[in-house]
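Undergrad: Those protein sequences? They're chains A and B, same order as listed.
In terms of the numbering used here, the first sequence opens at residue 1 and continues consecutively.
In terms of the numbering used here, the second sequence opens at residue 1 and continues consecutively.
Treat the hints as calculated values from the structure; they're not laboratory data.
BS3-like cross-link-like pairs, simulated, lysine-lysine; straight-line CA separation at most 30 Å:
#, chain 1, residue 1, chain 2, residue 2
1, A, Lys185, B, Lys93
2, A, Lys596, B, Lys93
3, A, Lys427, B, Lys111
4, A, Lys596, A, Lys709
5, B, Lys49, A, Lys340
6, A, Lys545, B, Lys111
7, B, Lys111, A, Lys647
8, B, Lys39, A, Lys409
9, B, Lys42, A, Lys545
10, B, Lys100, B, Lys49
11, B, Lys102, A, Lys484
12, A, Lys89, B, Lys93
13, B, Lys42, A, Lys409
14, A, Lys409, B, Lys111
Ranges of calculated distance between the beta carbons of each label pair, as one might list FRET restraints:
#, chain 1, residue 1, chain 2, residue 2, range
15, A, Leu348, B, Ala13, 29 to 35 Å
16, A, Glu92, B, Glu92, 28 to 34 Å
17, B, Ile6, A, Ile362, 22 to 28 Å
18, B, Gly76, A, Ile358, 44 to 50 Å
19, B, Gly76, A, Lys647, 47 to 53 Å
20, A, Asp702, B, Asn62, 34 to 40 Å
21, B, Ala13, A, Ile362, 16 to 22 Å
22, A, Arg696, B, Asn62, 32 to 38 Å
23, B, Asn62, A, Lys647, 28 to 34 Å
Just some of the chain A residues that point at chain B, by a computed CB distance under 8 Å:
#, residue
24, Phe397
25, Ala416
26, Gln417
27, Pro418
28, Glu575
29, Tyr780
30, Thr782
Glycine residues also receive a C-beta, built at the ideal position from the N, C-alpha and C atoms.
Below, each chain spelled out in residue letters.
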Amino acid sequence: MEFEGEHLLPGQIGHFFVLLAFVASILSTIAYFTASRKTDLAEKKSWINFARLSFAVQLISAAIIFAIVFFICSNHYFEYMYAYKHASKELESKYLLACIWEGQEGSFLLWVIWHSILGIFIMFKSKEWESPVMTVISFAQFFLLLMLLGLHISDVRLGSNLFTLTRNEIAGPIFSQPDYLNYIKDGIGLNVLLRNYWMVIHPPILFLGFASTIIPFAYAYAGIQTKRFGDWVTPALPWALFSACVLGVGIMMGGKWAYESLSFGGYWAWDPVENASLVPWLILIAGMHTMVIYKATGHSLKASYLFAFLTFIFILYSTFLTRTGILGDTSVHAFTDAGKAVNIMILLFVAAFTLPSIILLIINLKKIPTEKQEESTNSREFWMFIGSLVFFLSALFIIAKTSVPVYNKVFGTSFAQPENVEFSYNKVIILVAIIIGLLSAVTQYFKYKKTAPAYILKKIAIPTLLAAVMTAALAIFYPLTYYKMGAGFLGAAYIALFAAIYSVIANGAYIWSGLNGKLKAAGGSIAHFGFALMLVGILISSSNKEVISNSGANGINIQIKGKDPMTKEVDNPQENLTLIRQVPVAMGPYEVTYLKDSLGHEKGRRFYELLFQRKDAVTKKVTEQFTLWPDVYIMKDNNMSSNPDTKTYLGKDVFTYLSYAINNDNKPEDTAQFTIHEMAEGDTAFYSNGIIILNRVVKNPDNEKYHFKSTDAALMADITLISKDSMHFGAMPLVQVDEFGVNQVDDTVYAQNLYLKFAGVTEGRKIKLGVKESDKLIEYITLKAYIFPGINLVWLGLIIMALGLMMSAVKRAKLSTFYAALALIFAGVGLFYMFLLAN
Amino acid sequence: MKKTHIVILVSIAALIVALIVFSAGDFSTYETISSAKNKQGKFVHLIAKLDKSEPIEYDAVNNPNYLSFYAIDSLGGKTKVVFHNSKPTDLEKSERIVMKGKMQADHFECKDILLKCPSKYKDDKKQLEKTITNQQDSTYK
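Extracted from the complex, chain A is given alone in its bound form:
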């Protein structure tokens, strides 16, 4: 059958370039590998030239593939499955890139592109290391492109093609018509939960982090392959630093995204997908430190090999965890199962890098030189090594716990996460935090090889004292309040807080006293300073995070004191609070009123205006007020996302989101009528649920609601309602006469579904009060609200750490200082804007 209106050419070109890139990646792998084994220089040169050509072909093809996917998605060619699944006409253009890397195939493509770009730098900058290093990168390209190949070999499909046609993928009656495209009105589009600017920036940065970890791996391989067992560390170290920076920032961008726009109530939840990218980072940090040790002292070379290999191996393992659907029941944001063929290919990818590298390492273990002289316990290298080991062991601990679904699959068991998932990690990681905090504070004061104990004591006495004083001051004036897990854990949290503060102070002091303020050499200390600052922020924000929408903090909901009669448990979080429109509710230090809701620019998006007021305890005067607009986004498929809104102070965030909102669009018509009561001041009237008291009639009122001058002509009825359950409500309907005529301002008591109208004046100082009891639904929302203290320290610490890492990378790579400084300032300002200003 001939189908009408299809654009098949871009797909054919695209698929051609996928095949071309795939073949080119095979050729460049073989050519680079051959080149790396040739000793004859002329022959080597010709192989390298061929390999470069192949890699260039692969790189250009990858760029063309990306351009075609972009073209198909931006033109809404829904005959292509990828466009149908990920693009849609109503999608704002800023999300066009995001919808490309929403899917499996698109994110593999992103990875391919980063490898290609990094490959250019290696080709031009790595000199004699080019062929072995590029062998590894080309080999990885081979596997990534294999996932995108989409070739059928008998019944098995190798990889999923980005350019498959919708009509070949989905069975449906409409595809039996030649003009089926007329019936596909729109694509499915980017998942509404992902419509956020972090979706545009977080995946590319994270994938650059992933992609860059292959370089230390490749250099370690090159070290073994060329038998220059120790030489690879020098060129690999700047890349490791770069990778640590980018991967770290990428992971925390995910945290910031989760915090500010997904309603998880925090930036880190020990979700398997988060863990899967944290683990390689921890190992990378360990490896980066052992590399520094090796360069300074000749120790820890074997550990450097192991960590460099394992970093990338765990990147691949986390790809396996997140993309094969194995985490399905444990994670909120894993990819879904992509089908057996893809799963097997991912497993092959993992195996193809894990087995050879580990086997090579074992075979050559004896040949890797080791220092005969042992590290002294008074040496910097010894404590750095201990720190690296702790990082590595904590990574193993996290991945062991995260891999539980894998054991279940392999051994047929049915283990699940414990009751308190976060605590099961925190109770171990807090010890890690203590050790790392102390080590990063003290270690820099040790010298390599040997240090006189007296020297260290003298140098660290003041920072130690300062940190102790500061922690004590914090404990008194701003105590940690995490009692939930008992005194032992709170104690550990205080020790960790001390360790982190200690590290902040000691590293700050080291820049002055140890380095005499030489900023160029201070990358390490600055990174430690930032890391420790982040730790302080993490400890404070997680310990003192406070739910202010709980039933204990306000009088509205049924209070549960002590044990819950239903569950016989003390700890029963009742964290949701219902706000009836225009009824103020006490919430923590605030009085919160749900004022109104309004539609946003996007269809289906509704914003809710919440007025937060802080009142003076004695005078009841409003001392502070602000408005938050959390929103709910309901898509055409009724998929809902709730986006928080945050009031940011320097020291804390007030954070709120809707946990339940009914759709107020289908309100029934209001058919109730006003009944008129004639009342004098002090009179009482009845309504179905209580009494209405007219306190007095005020001429030209000047109060919190109205502001009239004595020359105006306005009358306001000051009314109190007392409902059967003894609740008091105030109302102030008003009538005003001006040059335009009579103007009535009705008042509403939503809690009682009551509308009040100042309907007029009669004889004998009586007024006509219109009362309407509506059968309309009460308008309400249910929300959660938190106070997050110290959260900005987390972001600030991260940025400082990233800059410190970059400074070290620049220094170790011996780059031009001027351009490096320029790039650093640019990156620093960008990160500062993204993390601290833009929300």
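For this one, chain A is given, so just place chain B on it according to the hints.
TA: Chain B only, in chain A's frame:
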């Protein structure tokens, strides 16, 4: 290696082993509704789905922290579920519910709910077929 090294390394290793042993008892298990009923008060994971023949009880005005519904699993087990939190929006549309909590006498006291909703799963071919067919139907109407 020096003795001090060995001592320090062994103590770290011991610490880690201790921690792993310490947290080994920390695991819960996946259960069916009937096997969970035999383990009253034990924290378990249930994989079930919503029983659409029974009412869902949630009144946010009255108490936003009380949701109850009935769940059934593939083995025919059925239980009332109480969740002291707000109602997840897509509960009615969910195809599968992973619930964490404890069986208490007459009901399952749920601490956490993870929903598997069809709309979130673009890679599900059956769902895509449904979507694309519905799209055609709506254009005909």
